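Participant: Top to bottom, those sequences are chains G and R. Each residue of the first sequence is one higher than the last, beginning at 1 in full-length UniProt numbering. Each residue of the second sequence is one higher than the last, beginning at 1 in full-length UniProt numbering.
Just so you know, the hints here were simulated from the structure itself, not pulled from any lab data. Computed from a prediction, not measured in an experiment: that's the story for all the values here. Where a beta carbon is used, it is the ideal one built from N, C-alpha and C, also for glycine. Among the clues, some could well be false.
To be verified - Stretch-level coverage of chain R by chain G, calculated; a stretch enters the list once three of its residues show a Cβ under 8 Å from a Cβ in chain G:
| no. | region |
| --- | --- |
| 1 | 10-19 |
| 2 | 90-98 |
| 3 | 249-258 |
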Amino acid sequence: MTDAVTVTDLVVDRGRRRVLPGLSCTVPAGRVTGLLGPSGSGKTTLMRALVGVQQVRSGTVTVLGEPAGSPGLRSRVGYVTQAPSVYPDLTVRENARHFAALYGRGARAADDALEAVGLTGAAGQLVADLSGGQRGRASLACALVGEPELLVLDEPTVGLDPVLRVELWERFHALAAAGTTLVVSSHVMDEAGRCDRLLLLRQGRLLADSTPAQLRADSGTDDLEESFLRLVRAQQEVDASGQGREHRREERARSGASRGSEQVSRA
Amino acid sequence: MSTATAVLSPRLTAATTGRVLRQLRHDHRTIAMMVLLPSLLLGLLYLLWRDVPAPPGQPGVFDRVGLTMLGVFPFVVMFLVTSIAMLRERTSGTLERLLTTPLSRLDLLLGYGAAFGLAAAVQAVVTVTVATTLYDLDVAGSLWLVVLIAVVDAVLGVALGLLASAFARSEFQAVQFMPVVVLPQFFLCGLLVPREQMAGWLQAVSDVLPLTYAVEALQEVGRSAAETGTMWTDVGVVAGAAVLALALAAATLRRRTS
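Only chain R is shown next, with the shape it has when bound in the complex:
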């Protein structure tokens, strides 16, 4: 009868994933925003740069920026959604209750990661389809790699969101972690200023920020038809950062509280 709680149980992880997706299913507006907003925003960028001539011999600005935004959107959206969702678990008492059940902390966190990773996959497929058909986004490599990188970025967003929620006491605080976590990564990822042109110390900071690698991976897929080693290394770095953030988030989940 008494079964000791395993560190990780695929069954309980899946139960958590199913539960989070069911919560999402009841929230139609959130689903609509998750699926459509990136495409609409990308459309705005498309219109913004449509009539700006590209420098000779270089890809258009939209091809360069639009593609990397496919990695930035899921990262930002999933970070926000997850940090709020986890904060609600903490404040509503459901987290405390979950921790009295056989569910392990890792089951809970991986369950969240899988649920929002799946949501991100749907988002990415829609956005990539819209971008390449309606907005003529030019990608040299496989579109499935773009989707894969978008999903890995989303999981990184989930992991950092889970971690950030531990430091937020209120929803007001939680949403303000978004600019703290996201904007520096966005400024320094090489999109606004090429990394080679940054001051040395800024480049060093950029080197340890995971979004830098996500953006580089997408740029590799954008310009090379064949899969490059750099791209796979970048994907590995982003995935590793996500695992590290999940481990730290697990450490912040305490069964016993005062």
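Next up, chain G with everything else stripped away, as it sits in the complex:
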């Protein structure tokens, strides 16, 4: 299996905060890779680096064989931001057609993309008049319309009802089956089970690079949320003992205990 994305020692600062302190990971081609982790773990920053709009301090990101953000990649990579980035003062169809035009596609491709996200019935409506979930799907359609080889989706299912969410995940797998590589971020662990591959991020570090089945087996529980929490706790113990050694040796036991209890964050 080839990799669509290779990230090596990626360091990203946002403001004075180091968001990614040296991340390395790969994304397999033609699969749905889930990017999971609590809010603030660096998911969006990593996705922005993949599509080439993030200033990086050091490290390399290679996408489909080219450096991320290369001009040649712009028709091959689609990106959907977390907040729907479509024009509220255009209709759904006009939005889709505009992005179709930018990718060199016609009106037909725009209509197909709208059908794929179930918005054909709302095609004539202004985006400003749509519900939050519909707006998100309009934004998704504007990326699907370019039929990119790599699709980077930042929390695409937020605010969707369960039926639509299942339909979208089926759509993602259909795209993957046709050869598209998908990177989908989520902070909802029940979606993790739908991914072919999982990258678990916490505080900009890769906590696990695995599959849902492997993760369940490793942690000895069927509940992926529980698996993730166990990984987090194990990591915290490692962090805490490491810090204790660096700082005050005699306080190691106490600081380890307090850090552990303070920082158990729900995914």
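Starting from the structure of chain G, add chain R where the hints point.
Facilitator: Positioned in the frame of chain G, the structure of chain R alone reads:
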């Protein structure tokens, strides 16, 4: 499959122009204001000066001021509209998204310039028609030249608006760039005080402000039936300033942000 992004693609520029005009089309009140407001304001000036006698041997005040306002309106309106539109692109995430597509920065900026330039052309045709028929505005030269100068002024407004939006973090800031950019140019363009009567250093400042040349071009069309070289030089200066502002605006558009 992989097509490298060209510096400029007429197709993508046109797509942007079409998109901006479609956004405008959905906003009926903005269209109405864009098309009618200059005519109404000009009417107010007409009524203001109608009964003021002109000095002997000189054109009436309305003929002088009204004509130059035909260049000032599109400049001000398009500056404001563009700086807000571009700020919305920046804050809503659509700009970031556009920059991940094959659209080049120049396509985006020229697309905006063409869209609002077309809107300005419609505005200018309406305003010139109303001014010359209802308000008896006296223009010695071709009315099409007046329209042309109005459009070039509008494009200058668009270009400066695109540039100004880069320095505004909020809409409150963006609208306040209007007095900063527009009023000094208006004060010093020669309309309030003839340029020859200004202090030397003010005249020097006036020399580097593009609106000065726009106003001079309109004054040339107003008093001379034949096209003058000064007029064409002035139009060239305004157009050059617009191109310079667009280039600077392109430099402020960064694909990668922190």
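Participant: Can you list which hints this structure breaks, lowest number first?
Facilitator: none
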